[in-house]
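Going down the list, the sequences are from chains A and B. Everything in the first sequence is counted per numbering that gives the first Met the number 0, starting at 0 for the first residue and increasing by one. Everything in the second sequence is counted per numbering that gives the first Met the number 0, starting at 0 for the first residue and increasing by one.
It is worth saying that the hints were derived from the structure and are not from the lab. Fair warning: this is a prediction, and the values are worked out from it, not measured in the lab. Among the clues, some could well be false.
Claimed, not checked - Here are some chain B residues pointing at chain A (derived, C-beta under 7 Å):
{"hint": "1", "residue": "Glu206"}
{"hint": "2", "residue": "Leu209"}
{"hint": "3", "residue": "Thr211"}
{"hint": "4", "residue": "Val213"}
{"hint": "5", "residue": "Pro215"}
{"hint": "6", "residue": "Ser308"}
{"hint": "7", "residue": "Lys311"}
{"hint": "8", "residue": "Gln314"}
As the list claims (entries may be wrong) - Cut-off 30 Å, straight-line C-alpha distance, at most; resulting in silico cross-link-like pairs (DSSO-like, lysine-lysine):
{"hint": "9", "chain 1": "A", "residue 1": "Lys109", "chain 2": "B", "residue 2": "Lys362"}
{"hint": "10", "chain 1": "A", "residue 1": "Lys88", "chain 2": "B", "residue 2": "Lys362"}
{"hint": "11", "chain 1": "B", "residue 1": "Lys366", "chain 2": "A", "residue 2": "Lys59"}
Don't be surprised by glycine CBs; every beta carbon is placed ideally from N, CA and C.
As a plain string of letters, each chain reads:
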Amino acid sequence: MHNDFVVTVENLSVLFGDFRAVDAVTFSVKRGEIFGFLGANGAGKTTTIRVLCGLLHPTKGEVSVGGIKFDTKDAEMAIKKKVGYMSQKFTLYNDLTIEENLTFIASLRKLDTKTYLKRRNYLLNFISFTRPLNSFIRSLPGGIKQQISLAASMLHEPEILFLDEPTAGVTPAMRARFWALINDLAHLGKTIIVTTHYMDEAEQCGRIALMRTGKIVAIDTPAGLKKTTFPDKFYEFEPRKTISYLDIQKLKICPEFEYFEPFGMRFHAAFKKSPEAEKFRQELNVDFNTKEIAPTLEDVFIKITEEKGV
Amino acid sequence: MSFVWSRAKAIAQKEIYHVIRDPFALALSIGLPIFLVIVFGFAIEFNVKNIHLAVHDADQTQASRGLIDIFGKSEYFIIDKVTSPEKAQQAIMSNNDRAALIIPGGFEKLLFTGKSSQVQLLLDGSDNSTVVPILSYLESIQKMANKQLANFNPSENIDIKTRFLFNAELNSRWFVIPGLTVAIMAILSVLLTALTVAQEWENGSMELLLSTPVQPLEVIVGKLVPYAFFCLVAVVFVYIISRTVFGIPFRGNIFVFGLGCVLFLVTCLVQGLLISILTRSQSLAYQIANMTGLLPAQLLSGFIFPVESMPKFFQYFTMLLPARWFMVIARESYLKGSTFFDLGIPFLALGTLCWFMIFFAVKKFKKDLEP
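The shape of chain A in the complex, shown without the other chains (with noise of 0.2 Å):
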């Protein structure tokens, strides 16, 4: 096993009865990294982490996670010992207040009084908390609840960390001051795996797993994905004028796009390599503003479903 990699997967399959929820999966992530899985609902990324967590056997296939062969009862405790895991569903006890809910987990997790007020206090003052302790937790709006949650998962110190979904259901202030915290973590040497649904925080993972039906369908840097999906040329193009509904659908069925995509009132393309295409590029300065532009990694996750979906 390579030193630098605090997580690796070989061959990973989980089973639900004859259901796979993951498909022979492989990855690893390097320490300090932030790792990101994208996916649609249902695409196996809860279920991978709930793995590295411990919280679920692998049916197949060999797990690692900071050092710890996960194969038996106790390595799982061991693993449990050594992550944090925030989880999409929100944890703490709406009816305890902060104080209590800290505490509380960090009795579960067995640490001495001198060493949680510690944490604790590091925590809340990275998190920027300024509140009274003696708040109840049903009385703080949703994104500090989270910001609380990711505190109650790194009070054991742990090594890595997992976040599923951690912004679901949060303003875009809220997400992106999340996500600054996650990106101060990584700094820290903290490895951090994270699935989301939003496009804009997987371009801040150092590298993203796409999943799709259990399987991991790419696996790369946000660049090294839109490079890979759109080797060539990649343009906008906005309407001169307004078009309907029909016209677009014409369009999209025209064999010369590699890629067309609306995206708002502009549109996302990529086209065939031949002269035909080209030609067929131009054509279409006359009723469109055109720009060659960077894809974007929406444009990724699409091409890359369609492909594999048919």
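Model the placement of chain B on the given structure of chain A, informed by the hints.
Using the frame of chain A, we list chain B on its own:
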């Protein structure tokens, strides 16, 4: 991988926070025992007093008047004299009287000749609630009648089938309040614990517990201890009320009664836990807890309806209910002073049921919590 008390303690403490901040749970654990004691102790009167009794005396002798006197002085009956047996029947038909006593001519004569004298008692069978108490009073009245009227030849005439040894006044409260302990424990413990694990699943906080190194047994112990405490407080409350307010004597060994309490409590708590583990939903857990905890404890345990008078099938069926066995233990140790060995069978049955319940709960819970 050993059991860590500090973790169980943390869970217990958190559980107490939940209860004291949940108005429903709090109202249930404090209000319910008080409510039930008031209802069963004060409001519901199982004793039937002042029953109107139509009396036709065809004999008109000292002996017959003596018999009527005994009925009249018993406090249970109010005597309405009628002039013929038919009138007595009419009195029952018109609901003026609940029962009728018909003394035939020659009553005294038969008594003096040493033969058994017979009188006829008509009861309104359509009113089940008075028939049973009247019949039971009748036995003690018969006993008194024999003693007072049949001095001539006692050996022939005294025919006593039952003596109400342990509750001579046949005071229903004596019977009901110890039984109330059973009902309150069954409701509180099953209902409160049934909600607790389901709550954890519904909240999503089970994920939090699972992501820490906490073990299933620590969760079970941590969750059960606070509720066991609440229920024991309720039992002590009922005990004190029964001794002071109702003046019911405690004749048994407090340890026998206590052991029964603890055994029953554990069984009920684990039953609630099992429901919670199986349903994972609070509303479903609540309904099942009502059906398997509250209803059997009230209806099938012998609390209100004696097991002996149930249909054969239910007599056997109730053997599967912990509440039935604890009902026996509670009443007998309370009123009769039965020892542990007298109550061998109920204790054995309750112990077995308790063991089965724990066995299934731990097995299922472990399977659920392990990845």
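Hint check results:
no.	hint	result
1	Glu206	4 Å, holds
2	Leu209	5 Å, holds
3	Thr211	4 Å, holds
4	Val213	5 Å, holds
5	Pro215	12 Å, violated
6	Ser308	46 Å, violated
7	Lys311	44 Å, violated
8	Gln314	43 Å, violated
9	A/Lys109 to B/Lys362	26 Å, holds
10	A/Lys88 to B/Lys362	27 Å, holds
11	B/Lys366 to A/Lys59	19 Å, holds
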